[in-house]
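Engineer: One-letter residues, chain by chain:
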Amino acid sequence: MDQHVQRQDHSGGLAFIAKSELLNADEVARALKRMAHEIVERNLNLENVVLVAVQRGGVPFGQVLQGLLADIGGQAIALGLLDVSFYRDDLDQRPVPTSAATSIPSSLEEKTVILVDDVLFTGRTIRAAFTALSDWGRPRVVQLAVMVDRGHRELPIRPDYVGKNLPSSRDEAIVAQIDGVWIGTRGAQ
Amino acid sequence: MIETIRGQNLLSLNDLSKDAIIEILNEAESFVEVNERAIKKVPALKGRVVASLFFEESTRTRLSFETAAKRLSADVLSLAVASSSVKKGESLRDTIATVDALGIDAVVLRHASSGAAEQVSRYVPHVRVVNAGDGQHQHPTQGLLDAFTIRQTLAERRGLDPIASGATLFEGLKVLIVGDIRHSRVARSDIAAYTTLGAEVRVAGPPTLLPQSVAQWGATLAPNFEEALRWADVVGLLRLQRERGTESFVPTLNEYTTTFGLTQERASLLKPGALIMHPGPMNRGVEVDSKVADGPQAIIRRQVSNGVPVRMAVLYLSIAGLGRAK
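Note that the protein sequences, when read in sequence, are chains V and F.
Heads up: the first sequence at position 165 corresponds to 381 in the working numbering, and the numbers run straight through without jumps.
Heads up: the second sequence at position 303 corresponds to 714 in the working numbering, and the numbers run straight through without jumps.
The hints are simulated quantities; they were obtained by calculation from the structure and are not laboratory data.
Idealized CB from N, CA, C, for every residue including glycine.
There could be a bad hint or two in this list.
[To be verified] If you anchor each label on the Cβ, the simulated ranges turn out as follows:
1. V/Ile373 with F/Glu654: 54 to 62 Å
2. F/Asp426 with V/Arg310: 23 to 31 Å
3. F/Pro536 with V/Glu254: 51 to 59 Å
4. F/Leu488 with V/Ile288: 50 to 58 Å
[As the list claims (entries may be wrong)] Some residues of chain F that are not near chain V, with every Cβ distance over 12 Å (derived):
5. Ala455
6. Val492
7. Ser576
So here's chain F without its partners, still in its complex pose (with noise of 0.2 Å):
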């Protein structure tokens, strides 16, 4: 169990605590103040390289990160891969070794192969290793984005002082989560975060989209969609990631909408205060209802500007305090 990613990787979400989820999601506050300022820019990572490598397409996450350290100074080597010596048959271990040969103190790795992150991490043990997103098996920062987003949302609907509430909002807090269960490392970090913190976590889709026991990540089998809708404070809908096959796994995309989209009509079955959630990008008309997708019970606009402050914080509290790179 790891109780503070001070100086640490940030590999999983499943292996952090409460105190250590809670520490990012309090810094992140400040992170946020940072980034309504006219000045968005402070020099907390002065002098740190931060290499950016995305073996799998990702415009928004990339964007996000890149955003994240250019805003606390760091300067950012960004390997394109489509360009690369990777297309060339360059194994990981290569290419890291490469760019670690530049100097480096990080490196935000997004991969397609699951545990892709963690080897990283035995290459170079002198590098801060940021998990972007690593095949079907996790990606933290969006767990922690999502995390930070309700918490930011309750607490402001009741008065409260976020970095006060602490977890407090996530006790009894009840989730339900949508869709492509199986393929998804969002919902696989999204259940770790949400249940470190003391929420219910329930998980609904087609039986070919959802893993063989939710059991073992602490979520459980909502039995009845409909009746789970009614249940949550907290809808998280998953992106059908065709990219990866999914519609093999559903008769069409018309029948997914018909059994587990979020259509207007089944909006209306949640309780008047729930929040609805998506990591995007969204199929509108797919998974949500376009109209829902924009109404006011939809945070999902927050999650995407959520996304610097809680990278930041990350990066900041990973690779600061730490010798430099020599």
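Excised from the complex, chain V in its bound form (with noise of 0.2 Å):
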């Protein structure tokens, strides 16, 4: 299938183009779905659960957990937004990311912190995550929820949480988001 698929790309200005559809709307959501009830039964006081999704990739899951979360647990759990360009370990080594905003609606002092993200990869953006965690208090304990997990990790790094594991080629690129995941590469139009 070719398909251009449009996404908000903030890491150089590549065009994803996509070879193929690896999961379509219906199995994202039903993976979404699968990972919340995960969350209940791991987490069974959802009172001190705070989702925190990376910008910007992770916000859109975020955002269908935390309805997901409210109909399954029963209550209202509040969803962060992080930033995490000023905390990369490899701003000298790639063009400077463009921020996006970050509200995280509370102190995380105590509190059971769910980071959620789109693509797991190396897991430097996870590791900036943590650093930047640590300014709004120290959790009781935070957990991993992302979309797809494709492997290729430089740092010990494992999620809690996963929509898809996705064995894939470190040259190929993988988008995730509500509406699909699909591999393909990036490079100029």
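Relying on the hints, combine the two individually framed chains into one complex.
Structural biologist: Structure, rendered in structure tokens:
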């Protein structure tokens, strides 16, 4: 399927050219529902849970999980947004990333923080997120929810909730959105 | 024309494109949020060294820049000119070479000579130079923070997201700049920023304090001050720079206030929504009546608090993403 997937891109402005669709919108929705159930199972007391979505790709998934947790757990969960640009360890190796809004609703002291992102790859974004989170207090526990785990970790980081494991080659690009997951390449159009 | 200051010097606003200015204003929005946190510090420039070289006194700009650098986790080398070898006759070139030898990534430079920042950028091409005011030439970060403050205030009033609004709030905006245009680097930077973003700029002041040709700067002369006050959406007041001998250009300060001071009477001519700005430090009772300066139309305090996030954005974009100091 030759399809061009539009996605707000801040990784150097290279366009994503999709080769094939790996999950469709229904499958993404089902995976998120399963993840929400797993979150409720593991965190019986949702009262202390705060979702923190990583800008920009994690935000739509954070929003859907927030809605699902309210339905399943019968409780409104706060959703924070976190931009990790200023915390990256590769700032001097790539173009300066454009930052997006950060809004953390409350102190994270003693909270169960569930970080939400679209694709887990090297783990460096999540490493940056850990450093950032500590500025809002010391969470009791931090868990990680990702739509796609594509492997190739460069740091000892593992997800707690995974929508789909997708072993991939390093040169391939994976885009995960609410309406589907695609594999393809990044390059000039 | 410079399209982005990423990895670049910031010497003047004259050569910055609209996109380059908007990029800085957008980045500054993120740093406003950082400055509202309990821990107002991010590690973006950890391990980088910023030299703050103020060859001319300026407590507030210096504090603002140094605070910005520290909140980005950079190390700050601060040269106190009054006690330095500059007083012993060392040249600008030698001073820069000495500081450069310590290993620096960027210089924030304030100097009494126009063009000093550009000169320094040629001495140390491997170091990013941020102009913090050079003679009567430019004060780019002041122009940027003034533009940022206008966009922030107008976006808030109209319930818009400032980033999404881009430059649209400046399109057709009528800005009047009043006072010592001739000696003012703030006026030059403000006019460059506003006109690049799409605003219409007029200037007013005693003929002795107007430059030969404002048209070259993209502004026009307001023939009648009172009429221009009725016309303006934004009034930018300039300080009478007594330390630069401005007083010899006006008969008396009192006469200046009578003819071009923003008195309460004159402020009543303004549109109800018009904004009043001043880069500080204010001569209360000279350029502006004290009550007017503290009134609801004045956004002078906002200008001051926006100084740090705007300078953080400039330092971040200019220095990050660059190889480390060798």
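Engineer: It remains to establish, for every hint, whether it holds in the given structure.
Structural biologist: For each hint, the structure was consulted:
1. V/Ile373 with F/Glu654: 54 to 62 Å: Holds: the Cβ-Cβ distance is about 57 Å, inside 54 to 62 Å.
2. F/Asp426 with V/Arg310: 23 to 31 Å: The hinted range 23 to 31 Å holds for F/Asp426 and V/Arg310, with Cβ atoms some 26 Å apart.
3. F/Pro536 with V/Glu254: 51 to 59 Å: 55 Å, holds
4. F/Leu488 with V/Ile288: 50 to 58 Å: 55 Å, holds
5. Ala455: 4 Å, violated
6. Val492: 31 Å, holds
7. Ser576: Its Cβ never comes within 12 Å of chain V, the nearest being 14 Å, so this holds.
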